[in-house]
Each structure stands twice: as structure tokens, then as C-alpha cells.
Amino acid sequence: GIQVEQSPPDLILQEGANSTLRCNFSDSVNNLQWFHQNPWGQLINLFYIPSGTKQNGRLSATTVATERYSLLYISSSQTTDSGVYFCAVLRPSGSRLTFGEGTQLTVNP
Amino acid sequence: SAVISQKPSRDICQRGTSLTIQCQVDSQVTMMFWYRQQPGQSLTLIATANQGSEATYESGFVIDKFPISRPNLTFSTLTVSNMSPEDSSIYLCSVVEGGNDQPQHFGDGTRLSIL
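Heads up: the protein sequence lines correspond to chains F and Z, in order. Following my numbering, the numbering of the first sequence begins with 1 at its first residue and continues without gaps. Following my numbering, the numbering of the second sequence begins with 1001 at its first residue and continues without gaps.
Please keep in mind that the hints were generated in silico from the structure rather than gathered at the bench. Note that the coordinates shown come from a computational prediction; the quantities given were computed from them, not determined experimentally. In this text, a Cβ means the ideal position worked out from N, Cα and C, and glycines have one as well. Check the hints yourself; a few may be wrong.
Claimed, not checked - Computed Cβ-Cβ distance ranges for the label pairs, DEER-style: (1) F/Asn38 / Z/Glu1086: 21 to 27 angstroms; (2) F/Thr53 / Z/Ser1081: 44 to 50 angstroms; (3) Z/Ser1084 / F/Thr66: 43 to 49 angstroms; (4) Z/Ser1084 / F/Gln55: 44 to 50 angstroms; (5) Z/Gly1052 / F/Ala65: 19 to 25 angstroms; (6) F/Ile44 / Z/Ser1113: 32 to 38 angstroms; (7) Z/Ser1069 / F/Glu15: 22 to 28 angstroms; (8) F/Val64 / Z/Phe1075: 21 to 27 angstroms; (9) Z/Ile1063 / F/Ser7: 32 to 38 angstroms; (10) Z/Lys1065 / F/Ser76: 42 to 48 angstroms; (11) Z/Glu1086 / F/Glu101: 17 to 23 angstroms; (12) Z/Ser1088 / F/Gln42: 35 to 41 angstroms; (13) F/Ile44 / Z/Gln1024: 43 to 49 angstroms; (14) F/Ser7 / Z/Gly1099: 45 to 51 angstroms.
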């Protein structure tokens, strides 16, 4: 099956810093989503981005499908950004999302 | 996007018992899924809930342990049967509106602890 690798596995920031999270995938995809899982376990949709660039406030994402990677940018980080960020992909022939292992982000005040 | 209500939000159960988790959506959706997230791990798909027919299970998951129902396009249940401490996890339902290239949206999850 398709492999999804996220880096870094852990990231600690001071409030106000910027960061870039990476997601590499091993095969062509129809769908790529970024999620934020907050400390209460809720999984929040951040982006649906099979290709191109999108921005939502302090967050933006870029997917380069031909090179099989996606980047999530967080600017001016806040303590509420803490949690686990997951990348998940959907293959053209399937319906099941395959998740990466996640990046654990901690933003300190 | 659809509003997904999952119940219960958490529970503590005794080993050997069973628990049924409900997932209710406020609009008709084409696809519904059930995921498990073990402590400190990523999400793993248990099965696709098929409306009016048996669910499609992923490798490593069986109907006897995780029976699933989906009587209509807005509701599904997952039962965790004969629970053991290894079943302590977060269980999440997700839905897709429209084609399967549309984004998946997740419920808030059920945090299950087995004593």
C-alpha cells in the first residue's frame, strides 16, 4: 500500500515562531488532507489540498503532486496550535484515507 | 459541511463487555467510515460502513469483534465486542459527502477505556 511519512515527528516552538511540517507519499494520490488533533482528541480539518497552494489565516499548505510531497506552514504560532498534525492521502483507485504518523507540535508561551 | 454527532464521547468499561458507539449525521452522506486510534498512534481504518449491507473490513479487523450497522444514509453504529484492555482507544467515525475524492470529515470521537 501507499506509504505516508511525516517530518519532523516532534517539534517544540516558542510562541510567535514559524514552522514547516512535511508530508511525503510514495504513490499518486487523488486527495490529500491535513488535520489538527487537539489535546481533547478532536480531529479538525485544516486543508483539502490534492495539489496547489491554499491559505487560511496563519496556516497555509502546498502540495506538489508530481514530486509527492506536501508542506504545512504555521506562522506566528500560538499555544492553541499545540497538538498533533496529521497528513492523510487517498489513492486514485480507493476510498480509504491512509494517515501518516503525525507531527507532535508543542508551542510554549 | 455535514455536522457529525458521535455518542458516547467517552466511556469506561469492564473487560468482557460490549459497547455500541453511534454516529449521526445531519445530512445524507455517500460514505461512512470507522477508525481506531490507539494511544500515541495514528489513525487506522477499521471498516467502511455500507448502507443496507455488510461492512467492508480492513485487514486485521473482523465482523465478530467489530460489528457495524448502517441502516440509512445518516446513521451508523460500531460495536466493540468482548472488550479487553487492548481495545482502549479513540474510535472515530468519518463521512464523505459526494464522490470519494471529496474530503473526509470526522466526528469528535469516542474515548474508550477498558479496565
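Hints, verified against the model:
1. Distance hint check: the CB atoms of F/Asn38 and Z/Glu1086 are about 25 angstroms apart, consistent with the given range 21 to 27 angstroms.
2. Hint check: F/Thr53 to Z/Ser1081, Cβ distance near 45 angstroms, so the stated range 44 to 50 angstroms holds.
3. Distance hint check: the CB atoms of Z/Ser1084 and F/Thr66 are about 46 angstroms apart, consistent with the given range 43 to 49 angstroms.
4. Evaluation of the 44 to 50 angstroms hint for Z/Ser1084 and F/Gln55 yields a pass: the beta carbon distance comes to about 45 angstroms.
5. A hinted range of 19 to 25 angstroms for the beta carbons of Z/Gly1052 and F/Ala65 is inconsistent with their spacing of about 35 angstroms.
6. Taken as a hint, the range 32 to 38 angstroms is violated for the pair F/Ile44 and Z/Ser1113, whose Cβ atoms sit roughly 23 angstroms apart.
7. A hinted range of 22 to 28 angstroms is violated for the C-beta pair Z/Ser1069 and F/Glu15, which are about 46 angstroms apart.
8. Remark: the range hint 21 to 27 angstroms for F/Val64 to Z/Phe1075 is contradicted by a beta-carbon distance near 39 angstroms.
9. Checked against the hint of 32 to 38 angstroms, the C-beta distance between Z/Ile1063 and F/Ser7 comes to roughly 37 angstroms, which is consistent with it.
10. For the hinted restraint 42 to 48 angstroms between Z/Lys1065 and F/Ser76, the CB-CB distance of approximately 46 angstroms keeps it satisfied.
11. Evaluation of the 17 to 23 angstroms hint for Z/Glu1086 and F/Glu101 yields a pass: the beta carbon distance comes to about 20 angstroms.
12. At about 18 angstroms, the beta-carbon gap between Z/Ser1088 and F/Gln42 misses the expected band of 35 to 41 angstroms.
13. The hint said 43 to 49 angstroms for the Cβ distance between F/Ile44 and Z/Gln1024, and at roughly 19 angstroms that hint is violated.
14. Checked against the hint of 45 to 51 angstroms, the C-beta distance between F/Ser7 and Z/Gly1099 comes to roughly 31 angstroms, which is inconsistent with it.
Violated hints for the displayed structure, listed by number in ascending order: 5, 6, 7, 8, 12, 13, 14.
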